[in-house]
Structures are given as structure tokens and as C-alpha cells.
Amino acid sequence: MSLQVLNPTSEEVIEECSLAKRLSTLEGATVGFISNGKEGTDRFFSSLTGVLYEQFSVAEVVLTTKSNYSAPADQTLIDEARDWHAVVTGVGD
Amino acid sequence: MQLQSTSYDLTDSADIQEFFHSRGWTDGFPIVPPTPELVQNCLEWVGMSADQLIGVEPVKERAIVVEKLAINAIMAGCLPVHFPIVVAAWNAMLQPQFLLHGATASTGGCAVLSILNGPIRLEIEAKAEFDVLGNGARATSVIGRALRLGLINILNVSPGAIDRSTLGHPGKISYCLAEDEEGTNWQSLAQSRGIPEQVSAITVVASGAPRQIMNEWTSVPEEILDTYVAEIRANMLNYSIWAGDYVIVIPKQHRDYLEAAGWSKADVAQYIYENARVKRSEWGQVGKQAVVRDKGDVTYNALMEPKNLLVLAAGGPAGGFGAIIPPWLGTKSRAVTMAIGACVNCES
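Which chain is which? The protein sequence lines are A and B, in order. In case it helps, my numbering puts the first sequence at residues 1097 to 1189. In case it helps, my numbering puts the second sequence at residues 14 to 361.
For the record, the hints were derived by calculation from the structure and aren't laboratory data. All values derive from a computational prediction rather than experimental measurement. Where a beta carbon is used, it is the ideal one built from N, C-alpha and C, also for glycine. Among the hints, a few may not be true.
Cβ pair distances, simulated, as ranges [claimed, not checked]:
| id | chain 1 | residue 1 | chain 2 | residue 2 | range |
| --- | --- | --- | --- | --- | --- |
| 1 | A | E1176 | B | Q110 | 45 to 53 angstroms |
| 2 | B | G309 | A | G1136 | 18 to 26 angstroms |
| 3 | A | R1178 | B | L16 | 38 to 46 angstroms |
| 4 | B | G207 | A | V1147 | 17 to 25 angstroms |
| 5 | A | H1181 | B | G207 | 31 to 39 angstroms |
Which residues of chain B face chain A? A partial, calculated answer using Cβ under 8 angstroms [as the list claims (entries may be wrong)]:
| id | residue |
| --- | --- |
| 6 | Q15 |
| 7 | T24 |
| 8 | A27 |
| 9 | I29 |
| 10 | F42 |
| 11 | P47 |
| 12 | L56 |
| 13 | A76 |
| 14 | K81 |
| 15 | N85 |
| 16 | L92 |
| 17 | V94 |
| 18 | Q108 |
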């Protein structure tokens, strides 16, 4: 005797994203950082900023912070990021 | 509406259990096999079609449909009569202010506490006395488990996947309780949060583990509440200093003293609001001197306002015990109360 049972997971097909085109160089680029707002990001991102200017000759580094580290970035921040050549986002603690 | 979920024909009980365990679809305990008949019974009970959308989890942009909630509720051991509560709880968890993704993904390790009010408690025998924070009633055990299994299976909130809790706590297995409305003259939690009398409701709170207190040596309201305050202050220093939605569970022995002295829930909340405060310099006493910095004189309140204390009448009839249930992390997630099977203040 068999029993029919149902799949409890979402089963929603997730649309795959493709990666943005890679930059051939950072020289002259505008690079944005999106901090999650945790305390540890300050020193880490300011150190990386120095590296970007000194070793990679970027034109500008834009430092931004999410309003809530447990929530997605606000739309205004996402819109701002469209003007950057590259963005660094990640978790800092 | 036909059920849309993939179905599997399995041969025996052990086979079914291993099939589900091996796919990571359980919490480690045996499940009730979710057959189409049992799932349909839940859908019929709430009068919803299988594809009815309850909401969308905004981070993963994942649709939450009622069929999947029913499958997970059956697996958890729910009966159809429990299912309207599961639906209402998901509706509450999907409100933006609950911040479901953050609350279920955080290393902080909170769980979703759900609190039942109103006539449905009696209908489903959701007892609110002995072991109210343990396995006090079948109904609360299975409803709490249904929410967790739904999170695991629908949103991938499994340990190490979306759920990144460093420790977690036992409430992640099931964390549901009812209020002992018959054992108190106090207004119910749901009523204090805007739900009309005689309407059943569920309140969800992203919560840490309960912290039990004991004071059997006074009948003075201020002294009783000072013990609760001390535990909240300890949580502020040892865990998180930020104000949030705290729950306190006051069993009958303490409640009787408070009610006899004429204290309402609002009075309790006001007293705790005024006293549950710490100075940042006190962090120095618990090994956190490094983050006191030059803000030692700043005072932090556990509650932004008295209404942020969710006072709950529940627990066994004897014993000078109580519990505080701290928020996950400040105001990142707010408690949400939702009517069950009814629409309160909804747009037409």
C-alpha cells in the first residue's frame, strides 16, 4: 500500500541573475561601498578606500550605509548605485 | 482548485519519514504525512483556494500561498481547526514592520513567538496555565511548530541556510502560547493592541528565549515588578541595550497580588517603563567597557514607550515565578497583532 504525500517547499522557480559586466580597470572609476551599518564596517571600508585610491587610482569612492542592517537597501540607495562603475557590498560586524 | 504541489507515492511510514528528513524538510522530529486529503481539509476549513496568496516575503520575493502553509501545518500535527491561526500568523509575519527575513536570518538567534487571544483559544483547548512556556497544550505546540516548518520549507530558514543563528534557542522548535483570559480581570493583550473584544487574534514577536524570574517573598506590586525589571536590565547589559518590544509573562500568583492592589496592565507597563533603564557605564561591569567610550552617562530605556511592553497573563496557578521574553534586537522588528479569520480596520 502506498501513500501520496505533497512537497512542502516553495517549488517556485527562481529566476537566475547574470553578473554585471566586469571592469577591465578601476582607474578613473567611481566605486561605491554599501555598508550594512554595523560598527566594524567603518575601519574596514575606510582602509579599503585607501587601497582603492592608492593602488588602483579610482576617481572617487562613495561611502553609503543602509538604514537597517537587517533589511535590503533602500530604493534611493539602489538608484544612487546606478551611477557608480562598481559597488562593494557585504556584511561587516 | 487543484493542489499544485509535487506529489510522491511512498510505501510505508518509515519510508515517508526518511524521505522528508533526508531532504531537509523537517525539524528533526517525525512529521504527519501531508496527504492531499488532509491538506484539502485545511483549505476547506478556512474557505480558501489552494493558490490564495497570503503575502510576499520581500527579500527573497517569494510568494506565500495557502497550499504550502497547509502542507506544513499538517506536517506539524495541526488539525483544520488550528489552520486559521497559522494563516493569520503568516499574515502578521509578512507585515513589513515584522522584518521577517532579518528576524529569521540573524546570528542573534531569535524565534517567532506567537501569542493567542480570544475565543478561538477555548475552541482549540489552548491551555494557558501549567507549562505555558513548555508543552502546555497540543494546540500551541503544533501551531508554533507549523510556523517554524513553514519557515524552513517555504523560505529556506534552515540552520546554516537562511537561518544563521549562532546559538538559536528551543523556541525555534515551537514558540506559541495563549493568554489566560479567564484567569484575570486584565484586558487581553490583543484588546490592548486594538483588537475588539470577542475577536480572536494572534500576536507575533521576534523573541529571544524566556528568562525566568522568582520572587515569592513579597506581595507589594513594586517589589514584585522590581524582579522583572532586574531581569530586563540584565538582558540589556548582557545581551542588547536597545529598546524594543519586551514581553513579560505574569502567572497567577504574582497577578493576584497586582490585581488585588488595583494595578492594571497599563500600570505594570508604566512602572517597568520608568524603571527598566541602564546607564551605558554599567556595561563596564559586564565586560563591555570597550564600548562604553565617552557615553557612560547616557541612559537607555528598555521600552521606548510603556505600550512597547506586552504584558501577558499566563502560567500555572501556584509559584512566585514569571518570565521576561526579550526582543530579538531593539526595534528592528516590531510585534504585530492580527485578527484571526476577521478583518479589523481593513480597507473595504
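> Among the hints numbered above, which are violated by the structure, and what are their numbers in rising order?
Replying inline: Checked against the structure, the hints that fail are numbers 1, 4, 5, 6, 8, 10, 12, 16, 17, 18, while the rest are satisfied.
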